[in-house]
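Got chain G sorted already, so can you dock chain D onto it with the hints?
Number of protein chains: 2
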Amino acid sequence: MAEPLVIEVTRGARVESLHRVSAAVCDAAGALVFSHGDTVTPVFPRSAVKVFQAIPFVESGSADAYGFTNRELSLACASHSGEEGHRRLAAEMLERAGLGEPTLECGCHWPFDMSVALDLARTGGAPTPLGNNCSGKHAGFLCTAVHLGEETRGYVEAAHPVQRRALAVMEDLTGSALPPSMCGTDGCSIPTAAAPLAGFARGFAKLAARQGAEPSRLAAGRRLIEACMAEPWLMSGTGRACLTLMEAAPGRVFAKTGAEGVFCGAVPELGLGFALKAQDGTSRAAEAAVAHLLAEMLRESEPALAERYDAMARRTLKNWEGREVGEIRVRRA
Amino acid sequence: MAEPLVIEVTRGARVESLHRVSAAVCDAAGALVFSHGDTVTPVFPRSAVKVFQAIPFVESGSADAYGFTNRELSLACASHSGEEGHRRLAAEMLERAGLGEPTLECGCHWPFDMSVALDLARTGGAPTPLGNNCSGKHAGFLCTAVHLGEETRGYVEAAHPVQRRALAVMEDLTGSALPPSMCGTDGCSIPTAAAPLAGFARGFAKLAARQGAEPSRLAAGRRLIEACMAEPWLMSGTGRACLTLMEAAPGRVFAKTGAEGVFCGAVPELGLGFALKAQDGTSRAAEAAVAHLLAEMLRESEPALAERYDAMARRTLKNWEGREVGEIRVRRA
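Read top to bottom, the protein sequences are chains G and D.
Numbering-wise, numbering that gives the first Met the number 0 puts 110 at position 111 of the first sequence, and it's gapless, one number per residue.
Numbering-wise, numbering that gives the first Met the number 0 puts 7 at position 8 of the second sequence, and it's gapless, one number per residue.
If you're looking for bench data, these hints aren't it; they were derived computationally from the structure.
We put the CB at the ideal spot given by N, CA and C, even for glycine.
Errors might be hidden in some of the hints.
List time: in silico SDA-like cross-link candidates among lysine to any residue, alpha-carbon distance up to 20 Å [unchecked claim]:
| id | chain 1 | residue 1 | chain 2 | residue 2 |
| --- | --- | --- | --- | --- |
| 1 | D | Lys317 | G | Pro126 |
| 2 | D | Lys317 | D | Met113 |
| 3 | G | Lys317 | D | Ala157 |
From the structure, some residues in chain G lie toward chain D, with a derived Cβ separation under 8 Å [as the list claims (entries may be wrong)]:
| id | residue |
| --- | --- |
| 4 | Val8 |
| 5 | Arg10 |
| 6 | Gly11 |
| 7 | Ala12 |
| 8 | Arg13 |
| 9 | Cys105 |
| 10 | Gly106 |
| 11 | Leu117 |
| 12 | Ser180 |
| 13 | Cys182 |
| 14 | Cys187 |
| 15 | Ser188 |
| 16 | Glu259 |
| 17 | Gly260 |
| 18 | Thr281 |
| 19 | Asn318 |
Only chain G is shown next, with the shape it has when bound in the complex (with noise of 0.2 Å):
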């Protein structure tokens, strides 16, 4: 097995903290491109694959009935950070459909930015299922549901067939076979199933290039790619790392964190995808170790960009008071 990519965070001279980091870049025929640690025991992708439970949402036609574009499908993809934009736009999606707020199953929590956690207290607000980082995924289930004449109740469970389309859409794109065992349940309360980095990758290489699975599949997969990276505000948020990614290449790069440390994603114009992990979940090395890996696939065709990347992987830490005590960086092979 390859080694992990080692992520160092340092206090003053010396290692502080390290963090292991497992990552499989693929091509559509799922070869490995190249790899770090240990690309094949399954892990659970968490939100890093909204674009997959998505596919259903267009390929059902909900999103083209209801008429949404890009802001809905990038919404549809969400880890957001429930800023007011994010809430009103999935409270839009809902409406469209007959639906209210009620009828999501996500559960709420204080948004995960502090500022904006700060901000909505100020102002005495409270959180709400609409700023759930996941409503706009919900919004999308539910659209879906309503579109094909289904209940709505209980579509976060695995037997709704919300959740069935979205398991055999991942099942096809990954390759994996996906039975219960390897499931689990995700923060939002509907089921996450584990497979290995490489089919994940495998997955968005297919969408990358267009090519692997049933055209229309391609199709719907590759529409909502292109949806988040012209519009990756509402995807993500404001300061997010998958928003800082994706500006550094506008429309050229796609990447969406996944809680516990995973990231996935694909870069269009190589035909290829991404999958990876921190071994110990951690969101600090997870973001280091993606900017690193788009900078390891682009080195050679677009090295300013590369380096740009390798910029990002490196992060300066300050205490308190605003002094340098060290920085988080990608250990040298």
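Coordinates of chain D only, in the frame set by chain G:
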């Protein structure tokens, strides 16, 4: 080298993420009673050694000169949650020495505890140096400087007598030389010096067993530990791991967390000290590991108490809707 403790984070029937934790349990002579992983490579102890850093505050006579009780001594060793009671007592300590909040050089941050931070935002508040989790430690530093007739400005710098005394105590108790090459800057701007886990464990064992250093130093350190055990909320905060660990065995167990996944502590009745670090710096791993380590230490002499710590080493994880989705647990050897 012994295998590290492995902390597993599960989802459904699968392990989703895992953490490696090194740990040392020592007696006052420095003998390793038992250990996990690497106890030799120097690590930054961060706030887990605030008791050591507060020893000069007691040794110098400053704490007694200002009439401080267990409450102030505990706050001087605290990484507190910045709750109203913490902030008020830190202000009172400064007032006793004729100082005010502007003399604090620790910087400020929103309280780590989300509910405390949200309460502060709701009432129109903002972070202040008194709310910094280290404000009690800094108040102790400042009271000592004033008592000894030293300049207070720049008390966070390595060259200031306050920090030189703290470093000398650390070298004495850990038995490690701590030259500048071993030092970094902590979150609150004071130096933090890296030493082997076994050194920190030995230092706390000296205080537990009251042997291995000058009697006045042992008495000062022991008095601080007793104060923390008597007033554990002032050393931590509502719902915090340190508080739960110490409330499980009032007056019998001392445990203190530090940033980047560190815990240090002592079980005085066993004459043992301990120190641990999660290699990846995560709190969830360190918190599970410290409960497990206390259970291991107490298994023979106090099986019922050991069982309580075993239970704390295992934590159910729920999602936003309150569904059980997994757990944090120590991997069986």
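Comparing the hints with the structure gives:
For the given pair, lysine 317 of chain D sits about 17 Å from proline 126 of chain G by alpha-carbon distance, which is consistent with the 20 Å threshold. Of the supplied pair hints, the one linking lysine 317 of chain D and methionine 113 of chain D holds, its CA atoms being roughly 17 Å apart against a limit of 20 Å. The straight-line distance between the Cα atoms of lysine 317 of chain G and alanine 157 of chain D is roughly 18 Å, inside the 20 Å bound, and the hint therefore holds. Using the Cβ-Cβ criterion of 8 Å, the hint placing valine 8 of chain G at the interface with chain D is satisfied: the shortest such distance is roughly 6 Å.
With its C-beta approaching chain D no nearer than about 4 Å, arginine 10 of chain G sits inside the 8 Å limit, and its interface hint holds. Given the 8 Å rule on beta carbons, the hint for glycine 11 of chain G holds: about 3 Å separates it from the nearest Cβ of chain D. Given the 8 Å rule on beta carbons, the hint for alanine 12 of chain G holds: about 6 Å separates it from the nearest Cβ of chain D. Interface restraint check for arginine 13 of chain G: the shortest CB-CB distance to chain D comes to about 6 Å, inside 8 Å, so the restraint holds.
Annotation: interface hint on cysteine 105 of chain G holds; nearest CB of chain D at approximately 7 Å, less than 8 Å. Hint on glycine 106 of chain G holds. Least Cβ distance to chain D is approximately 3 Å, under the 8 Å limit. A hinted interface residue such as leucine 117 of chain G counts as satisfied when its beta carbon comes closer than 8 Å to some beta carbon of chain D; here the least separation is about 4 Å, so the hint holds. For serine 180 of chain G, the suggested interface contact is upheld, since its CB lies about 6 Å from the closest CB of chain D, less than 8 Å.
Hint status for cysteine 182 of chain G: holds, given a least beta-carbon distance of 6 Å to chain D, under 8 Å. This hint holds: cysteine 187 of chain G has a C-beta 6 Å from the nearest C-beta of chain D, less than the 8 Å allowed. Because the closest C-beta pair between serine 188 of chain G and chain D is about 5 Å apart, less than 8 Å, the hint holds. Here the hint on glutamate 259 of chain G is kept, as its CB sits about 5 Å from the closest CB of chain D, short of 8 Å.
Among the interface hints, the one on glycine 260 of chain G holds; its C-beta lies about 7 Å from the nearest C-beta in chain D, closer than the 8 Å criterion. Annotation: threonine 281 of chain G was flagged as interfacial toward chain D, and the flag holds, the nearest CB pair being 6 Å apart, inside 8 Å. Taken as an interface hint, asparagine 318 of chain G checks out: its beta carbon lies about 5 Å from the nearest beta carbon of chain D, inside 8 Å.
Every hint from the earlier list agrees with this structure, and none is contradicted.
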